[in-house]
Amino acid sequence: MSKKFFWIVLSMLFLSFTAGSVFAAPPIKIGALFSVSGPASFLGEPERNTAKMMVDEINKAGGIQGRKLELIVIDTQGDATKAVQGANKLIKNDKVVAIIGPSITGDTMAVIPVVERAQIPLISCAAGVKITEPVKKWVFKTAQNDALAVLRIFDYIKKQKISRIAILTVSDGFGSSGREQLVAKSKSFGIQIVSNETYGPKDTDMTAQLTKIRASNAQAIVCWGTNPGPAVVARNAKQLGIKLPLYMSHGVSSRKFIELAGPAAEGIILPSGRVIVANQLPNSDPQKKTLLNYVNNYKKYYRVEGDHFGGHAYDAIMLLQNAIARGAQTPAAIRDQLEKTNKLPGIGGTFTFSPTDHAGLTSDAFVLVQIKQGNWKLIK
Amino acid sequence: MDNSQQLFQYILSGLSNGAIYALIGFGFAIIHNATGIINFAQGEFVMLGGMFTIFFLSFFHLPLIPAIILSILCSTMVGIVFERLAIRPLKNAKPLSMVIITIGASILIRGISMVVWGKDTHALPAFSGNEPLYIAGATILPQHLWIFAITVLIIIANKIFFNFTIAGKAMRACAYNSQAASLVGINVKTMVLLSFAISSAIGSMAGIIIAPLTMTSYDVGVMLGLKGFCAVIIGGMSSGFGTIMGGLLLGLLESLGAGYISASYKDAIAFIILLLILFVRPQGLFATRETERV
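Residue numbers (the working numbering), protein chains in the order written: chain P, 1 to 380; chain S, 1001 to 1294.
Please keep in mind that the hints were generated in silico from the structure rather than gathered at the bench. Check before you lean on any hint, since a few could be wrong.
[What the hints assert, rightly or not] Calculated cross-link-like contacts (lysine-lysine; reagent style DSS-like; alpha-carbon spacing at most 27 Å): (1) K82/P with K1169/S; (2) K288/P with K340/P; (3) K380/P with K161/P; (4) K300/P with K1119/S; (5) K372/P with K52/P; (6) K202/P with K299/P; (7) K161/P with K372/P; (8) K202/P with K1119/S; (9) K243/P with K185/P; (10) K340/P with K130/P; (11) K52/P with K243/P; (12) K1169/S with K52/P; (13) K300/P with K243/P; (14) K1159/S with K299/P; (15) K372/P with K159/P.
[Claimed, not checked] Which residues of chain S face chain P? A few of them, derived with a C-beta cut under 7 Å, are: (16) S1004; (17) Q1006; (18) S1013; (19) A1105; (20) T1139; (21) L1141; (22) T1214; (23) M1215; (24) S1264; (25) A1268.
For clarity, every value in this text was computed on a predicted model and none was experimentally measured. Where is the CB? At the ideal position from N, CA and C, for every residue including glycine.
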C-alpha cells in the first residue's frame, strides 16, 4: 500500500515538473562582465545595478515575447585575465546568447577574440575607439567615443575665441586616450596646446602642474580624468587663484564630482551624456522620455541618482531587448538584428547601427553642461 | 607670473605636502623605536582618521570637533586591538614575520573599510574656509597653516612626553634595551601597547587634517603610508627633527621635480630618494647621537 502510494506521489511530482517546463519557456540567458570592484568600480557598479534593474523590470512586465531574461553577472575587477575567464564561463557553462560589458577598454579588447571564436554577440560598455574601429562582426558598443567628447569641447572653446589651451590628463588608460584625442584634434580646430601635463591616478596634490600651467600663456585648462583626481585639480586651481576657465571630461559627469570639488566646481564646463540634465531637455528631445524613466527608476531601486555610466548598461540591455523582441533567438540572429537597430533613443544617445558602424552614435550624443550653484546646467 | 614667484609657489606647495609626510613618518618612528618593527599598517591609520571623521560627520551629524575627537579615539582603539591581537601573541617572532603581519593587517583594515564605507572618495570640509591666502604672489590655503601648526604641536608634545614624563622615559628605555628596561621594572609590553596607541593616534590626526585637502577613501593609506615611510627613512627613524626634515625635503623635491622635470616622475622621485638613502646612508641623512632613537 505504502509502496504504491509512493509511486503515485513520485509520478505526480514528475508530471508536474515536466508540465511546468513545457508551459514556461526557458529563460533567455544574458551574460554580463562588469568591473564591479577594483579601480574601475565607479563604472562597473552602476552598470551592474542598472542591468539588474532593467532585467527585473522586463521580467515583471512579462519578459520578451513571453520569455523571461536571466542575467548572469561576473566581476572582472578591471582585470583582462578575469574578463577572459568570465567570458569563457558565460559561453561554455551558462550558454548565454549574448554578453554585455566589459566596462573598460582593456577588458573588452581581451574578450573580443573569445566571443568571435564562439560567435556570440558582445555589446561593450567601454569607450575606446579601437573596440569598433575597424568594425568587428560580433562586437558592438554603447559608450560614446572619447573623440566625440573632445570634438564637443573644442567646438565650444573655439566659439569662445580661445586658441591656446593647457591640458592636464591622468596617466591611466582613460587619460592617455583623452590626451591622444586632444592633441590629434586640436590642429583641425586651430587650437594650440601650450602646456601638456599629466598626473597620477592616486595623486592628491596637483599644485605643481597647475603652477606650471599658470606660468604658461594658456587661456583655458582642459583636464581629462575620472574621480577623484579632477576634483583635486579643481580645488588646487582655486587654491592657486587661477581664473582661467576649466573644462573637464565626461569622466566626471556624476554628482560625486560636485560633492568632492565643492565650491571649486562652480563654473566648470564638461561634455556629458544627457542623463544628468534629463529634466532640462526640451520636450522635443527624442531621448527625454527614456532618460526620465531611467533616472526615476534608478532612484526608486537604489535611492541614488542614476548616472551617465549606468546608462551604458541600460543601452546595452535595451539594444538586446529590441533585437530579441524582433524575433531573434539565437546568437547569430541577435547579432543580425542588432546591426539593424535604427534611431533607437537610449541613455547615451540615439543608436543607429549598420554593417559599417557598430558604435552607433554621433557627436550630439554629448551635451555641454556647466556647474552652477552645485548643479548641472545645460549649455544650449 | 615670473620665475621667482613660480619657484616660491613650488616651495610652498612642497613644504605643505612635506609637513604631511613628516607627520605620517612620526607614527612609523614611534613604533619602530619601541619595538624594532616597521609598521606598514601605519598608512591605514591615516585613512581611518579621515574615514571615521567623515562617518561621524555624515552619519551621526556631529559637529566637526567632537567628530575629530571621536575619530582619533576610534582609530587609537583599532591600533590597540591590532597590537593585542596581531603583535603581542607573536612577541618573540622575527622582525621579518612581524613586518609581514603588519602588511597583512593593513590589507585587512583596508578591506574591512571598503566593505563598511564603500569605495567612494569623500571630502572633509576645511577647518577654516577655502579662501587662499597670498604670500608674495604664491598662495596657500588656511588648511595648510593648520597642518603646519598641528605638526609643530605634535613635535613639541612628543619632545615633552619622551623627555619629561615617566612613561616617555620608560619607552625610551625600552627602545635602548628592552631587556635591561624590564629588569629595572618597566613593563615592556605596556610600553609597546602605548607606542601603538600613540602612533595610531598621530596617524589618524594626520589623516584628519589632510582630508580636507587630499580627500579620503578606503585606499588612500597605501601611498601616504609609503611617503611617510620615505620621510622617516630620510630622517633616520627619529621621531624628532630628522623626520621633520625628511618629510619637508621629500615634499620639496617632489614639488620641484614635478614642476621643473615632469609631473609623471613625482612618485618616482620619492622612491628613488628612498633607495638612494637605503644604499648610501641607511642611518638617515640627519642621524646624530641625539636623534638616533626616540
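Okay, the hints, checked on the actual structure:
1. Under the criterion of a C-alpha separation no larger than 27 Å, the hint pairing K82/P with K1169/S is inconsistent with the structure, at around 54 Å.
2. Between K288/P and K340/P, the direct Cα distance comes to roughly 23 Å. Compliance with the 27 Å bound is thereby established for this hinted pair.
3. Annotation: proposed proximity of K380/P to K161/P holds, straight-line Cα distance about 17 Å (limit 27 Å).
4. Only pairs whose Cα atoms come within 27 Å are accepted, and K300/P paired with K1119/S is accepted, the gap being roughly 22 Å.
5. Distance restraint check for K372/P and K52/P: the Cα-Cα separation of roughly 33 Å exceeds the 27 Å cut-off, and the hinted pair is therefore not satisfied.
6. Restraint check: the Cα-Cα separation between K202/P and K299/P comes to about 30 Å, which exceeds 27 Å; the hinted pair is violated.
7. In summary, the hint linking K161/P to K372/P is supported, as the alpha carbons are separated by about 22 Å, within the 27 Å threshold.
8. Only pairs whose Cα atoms come within 27 Å are accepted, and K202/P paired with K1119/S is accepted, the gap being roughly 14 Å.
9. For the hint pairing K243/P with K185/P, the CA-to-CA distance comes to about 25 Å; that is within 27 Å, so the pair holds.
10. Note on K340/P and K130/P: the hinted pairing holds, with a Cα-Cα distance of about 21 Å set against a maximum of 27 Å.
11. For the hint linking K52/P to K243/P, the alpha-carbon distance of about 44 Å lies beyond 27 Å, and the restraint is violated.
12. Restraint check for K1169/S and K52/P: not satisfied, since their Cα atoms lie roughly 61 Å apart, outside the 27 Å limit.
13. For a cut-off of 27 Å, the pair hint linking K300/P to K243/P is broken: about 40 Å separates their Cα positions.
14. Between K1159/S and K299/P the CA atoms are separated by roughly 54 Å; this puts the pair beyond 27 Å, and the hint is violated.
15. Proximity of K372/P to K159/P is assessed by CA-CA distance (about 20 Å); at most 27 Å being required, the pair is judged to hold.
16. Interface restraint check: S1004/S against chain P, minimum CB-CB distance 11 Å, threshold 7 Å, status violated.
17. A least Cβ separation of about 5 Å between Q1006/S and chain P falls short of the 7 Å threshold, and the interface hint therefore holds.
18. The criterion of a C-beta within 7 Å of any C-beta in chain P is met by S1013/S, whose closest approach is roughly 4 Å, and the hint holds.
19. The interface hint given for A1105/S is violated, since its Cβ lies 21 Å from the closest Cβ of chain P, which is over the 7 Å cut-off.
20. Residue-level restraint check for T1139/S holds (minimum Cβ-Cβ distance to chain P is 5 Å; threshold 7 Å).
21. Checking L1141/S against chain P: minimum C-beta separation of about 5 Å stays under 7 Å; hint holds.
22. Checking T1214/S against chain P by beta carbon gives a least distance of about 3 Å; that is within 7 Å, so the hint holds.
23. Taking 7 Å as the C-beta contact cut-off toward chain P, the hint placing M1215/S at the interface holds, the least distance being around 5 Å.
24. Against a cut-off of 7 Å between C-beta atoms, the interface hint on S1264/S holds, since the closest Cβ of chain P lies about 5 Å away.
25. A hinted interface residue such as A1268/S counts as satisfied when its beta carbon comes closer than 7 Å to some beta carbon of chain P; here the least separation is about 10 Å, so the hint is violated.
Checked against the numbered hints given earlier, the structure breaks hints 1, 5, 6, 11, 12, 13, 14, 16, 19 and 25 and satisfies all the rest.
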